[in-house]
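> Protein sequences appear in the order of chains A and B. Oh and the first sequence: position 281 is 288 in the numbering used here, straight run, nothing missing. Oh and the second sequence: position 213 is 235 in the numbering used here, straight run, nothing missing.
Hints were generated in silico from the structure; no laboratory data involved. Any given hint could turn out to be false.
[Unchecked claim] Computed list of lysine-lysine pairs in DSSO-like fashion (alpha-carbon distance at most 27 Å, straight line):
(1) K9(A) <-> K207(A)
(2) K115(B) <-> K313(A)
(3) K207(A) <-> K115(B)
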Amino acid sequence: MKFWIGVALAVALAAGLALSGTNEYFFYAGYVVLQFVVLATAWNILGGYAGYVNFGTAAFFGIGAYTAVVLFKAAGAPLGVQILAAACASGLLGFGTGLLTLRLRGIFFSIATVAVIFIMQTAIVNWRYVGGATGVQLLRPPAMPPFDSYTRMLFVVMAIMAVAGVCIARYIEVSWIGRGLRAIRDSEEAAECSGVPTLKLKLFACTVSGALMGAAGAPLPMYMSFLEPASSFDLNYSVSALAMPMIGGTSHWLGPVIGAILLGSVQQIVTVTISNEINVLVVGVLLVVFVVAAPDGVLGLLRRLKWFRRSSG
Amino acid sequence: MVPPLLRITGVSKHFGGFAALSEVSLEVAPGERFGLIGPNGSGKTTLINCVSGALRNESGSIEFDGAEISRLPAYQRTRRGIARSFQIPRPFKSMSVLENLVVPLEYVAHRRTLHTADTWEEAMAILRQMRMAEKADSPSNLLSQVELRKLELARAMAARPRLLISDEAMAGLAGNEVDEVLEILLELNRAGITIIMIEHIMHAVMRFSQRVICLDAGRIICEGAPAEIVKNLEVQKAYLGA
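Excised from the complex, chain A in its bound form (with noise of 0.2 Å):
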């Protein structure tokens, strides 16, 4: 119930403050850091639950981001239908990756969706439809009223997209498919002979986790007006969803939310007031000390601090 109304409340923030006089440049920002709240959700699916690092965020993002200039140009399609259909794309995407690559196990799984980065890069920079290594100009058709820029409606329709994915994690999380998973990342073998049927628990992660990071590409075409390869399938964002649930902690929803939160900011405000290569840096810097000094994320040291509360207390 407490979540529900979370849920609810977030929502009526976001549209809240999209209505309100609040600075333009707050919903370019905050647009961004939504995003890493989805991004970081889903990578947190297959990589936190079931332990499977996934460092190919940034192929099945670009997709998602590619299947909507598709369609706009295409059909001249709605957002909506847009963000469903990168959905698709990237979930099957998701589930071909996983089909292949999720016989693998640790490292050798991660190398090889570092690898799909590059053939859909190499794929996009080769189609002329979409603009090829060059990029593709968009027109923003005018915004949706009470929305009164297209920056603004965004911003909601990412909050929307956000809270969506936080549910759908958290019911993957505390269903029997979350303890399925957690089985595959603690023993994949007792896992098995336990009868939790692990290739195919992997596979519906893979595919889900991916269909979110696809949702979270489709509005940035409209969102930057402009699309091109080498930067909607930039490895940071493999990074940045990999590092965010890491330091907001793996094993709880929270996790991921905290640590999207966290470090977009920080990323934002150091692009604005250093540089935007600093920011960069921040991340690898703040997950070394989380690695080092809280490998269980944010999440980890407050329930170390009420444990240590309760038993000196």
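Following the hints, position chain B against chain A.
Frame of chain A, contents of chain B only:
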């Protein structure tokens, strides 16, 4: 005569050029207490890996309850009624002891039901049967060695098996702990579960089993009642050298 619960016919398995199992055939009757012994590297664990589905045998057939299972993935064999414990305990260490049992219950026995309360109650009942109810809520990475062994058996039991394979469930335990685990296994057998016991602790296998097979270098060298096995010259040679 009752048809066997498990029938292994001509099963072979190679790792590179090393023949871990060559043409092994055996049968286990329903309700039997069956002992599998042999020196280290003789193929005991490979054999049960082939039965449980962790490995695929290259030739021969494995029938369970009259149906060929040697091409089924491990989780389907578990659902048909074959459960095992692991020689080196593999608890789901991010979960509590009770939750460890809920995994097989949810994925095997209660797959079609939605009454989660029943699942947790049954998990608790199994823990009580294993005499570790007081550990239900402890994290499974904080257990002692004997508790880990019992958790392995409890988790296998939660899959409601007809055939339980206990892979060295007693290795490294103290004398009274061995007796405790042995008593639990006998109790399970009285409840109608067929048990294959792999063990190095001879007095335990001999006390437990109705029939024993000894493997050496991937072949069955001797089969019989415990008393015959200990007197068998080949077995003595395999264990003690010529």
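> Are the hints correct? Go through all of them and say.
Going through the hints against the structure:
Between K9(A) and K207(A), the direct Cα distance comes to roughly 32 Å. Violation of the 27 Å bound is thereby established for this hinted pair. In summary, the hint linking K115(B) to K313(A) is supported, as the alpha carbons are separated by about 21 Å, within the 27 Å threshold. In summary, the hint linking K207(A) to K115(B) is supported, as the alpha carbons are separated by about 22 Å, within the 27 Å threshold.
In the structure shown, a violation is registered for the earlier hint numbered 1 alone.
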